[in-house]
Every structure is written in C-alpha cells, then in structure tokens.
Amino acid sequence: MVFRSQLSAVNRSALSILVVADDPDLRETLARHLRNRGCRVATAADCLEGLKAILLSRFDAVVSSVVMLSDGGLWLWREATTLRPELLGRFILCGASPLPDSFGGPVRSERFLSQPLDLSILWAEIRAVTELGQVEPS
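For the sequence shown, the numbering used here assigns the number 1 to the initial residue and increments by one for each residue that follows.
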C-alpha cells in the first residue's frame with residue numbers, strides 16, 4: 001500500500017524533462033516513454049515554445065531535435081545555456097546524422113543521439129546527465 005505522503009515524495013524526486021520536437025509523433029512517443037519511466041515531462045512543438053518553457057520552469061534535462069522548421073535545436077541550446085548556464089551538459093540532441101565537426105566547441109559538452117532513437121539508450125543518457133551532472137558525452 002502506498003500512502004499519499006509517499007506519493008508526493010516520489011513525485012518531488014521525479015526527473016523533470018523537457019522534450020522539444022516539431023514532429024508530433026516523435027514528441028509524444030518520447031514524452032510517453034519518459035512518463036512511463038516516472039519522469040515529469042513537458043513538451044514543446046518548436047524552439048520558441050521550448051525556450052519559453054525553460055525560462056518559466058526548471059528541468060533536469062532537455063531532449064531536443066537538432067533540425068526543426070523554426071530555428072533548430074542548436075539555436076535552442078545556445079539560447080537556453082546562455083540564459084540558464086546550469087543546463088550546460090544537460091541537453092540531449094537528436095538528429096538523423098551526427099553533428100558536423102564545425103559545431104565543435106561548447107556543443108561538445110552535450111550528448112547526441114542518432115535517429116531512429118533507441119529509447120533505452122535515450123534513458124541511459126538522461127540518467128547519466130542527471131545523476132552525474134556535467135559529464136563527458138559518450
């Protein structure tokens with residue numbers, strides 16, 4: 001039997017994740033998977049919506065598509081980590097192909113997953129950035 005006080009303690013310790021993707025199927029698949037893992041999940045359909053969420057709330061990690069119709073995940077990363085430096089090292093960028101070497105520099109502090117996404121690898125990456133803070137990307 002789980003008591004109400006235990007439930008609120010569990011909810012307070014749940015990871016808070018922001019998922020930003022303009023593809024509604026991808027966005028909802030990722031959100032559902034993370035909710036099933038016990039996370040509190042917020043979603044955004046584009047970078048501006050994602051940045052607004054980042055300004056209004058605190059997140060343990062951000063999962064974002066690299067390529068979107070508006071601006072893109074790298075723009076979101078630059079803006080978000082400028083406004084909220086504590087998010088540096090807590091972005092997981094997803095895309096069809098690896099980031100070009102020209103993106104080097106600080107973006108190297110983030111993690112990149114190729115699509116199609118393996119949800120178990122995504123979960124492992126989220127656990128890594130939230131348990132260890134800023135760690136070297138794999």
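These are calculated hints, taken from the structure and not from any lab test. Careful, some of the hints might be misleading.
[Unchecked claim] Label-pair restraints from in silico Cβ distances: (1) E86 <-> A14: 16 to 22 Å; (2) S120 <-> L56: 26 to 32 Å; (3) S13 <-> V67: 30 to 36 Å; (4) K52 <-> S120: 26 to 32 Å; (5) T82 <-> T130: 27 to 33 Å.
Backbone N, C-alpha and C fix where the C-beta goes; we use that ideal spot for every residue, glycine too.
Going down the list of hints, with the structure as the test:
| no. | hint | in the structure |
| --- | --- | --- |
| 1 | E86 <-> A14: 16 to 22 Å | holds (18 Å) |
| 2 | S120 <-> L56: 26 to 32 Å | holds (31 Å) |
| 3 | S13 <-> V67: 30 to 36 Å | holds (34 Å) |
| 4 | K52 <-> S120: 26 to 32 Å | holds (30 Å) |
| 5 | T82 <-> T130: 27 to 33 Å | violated (21 Å) |
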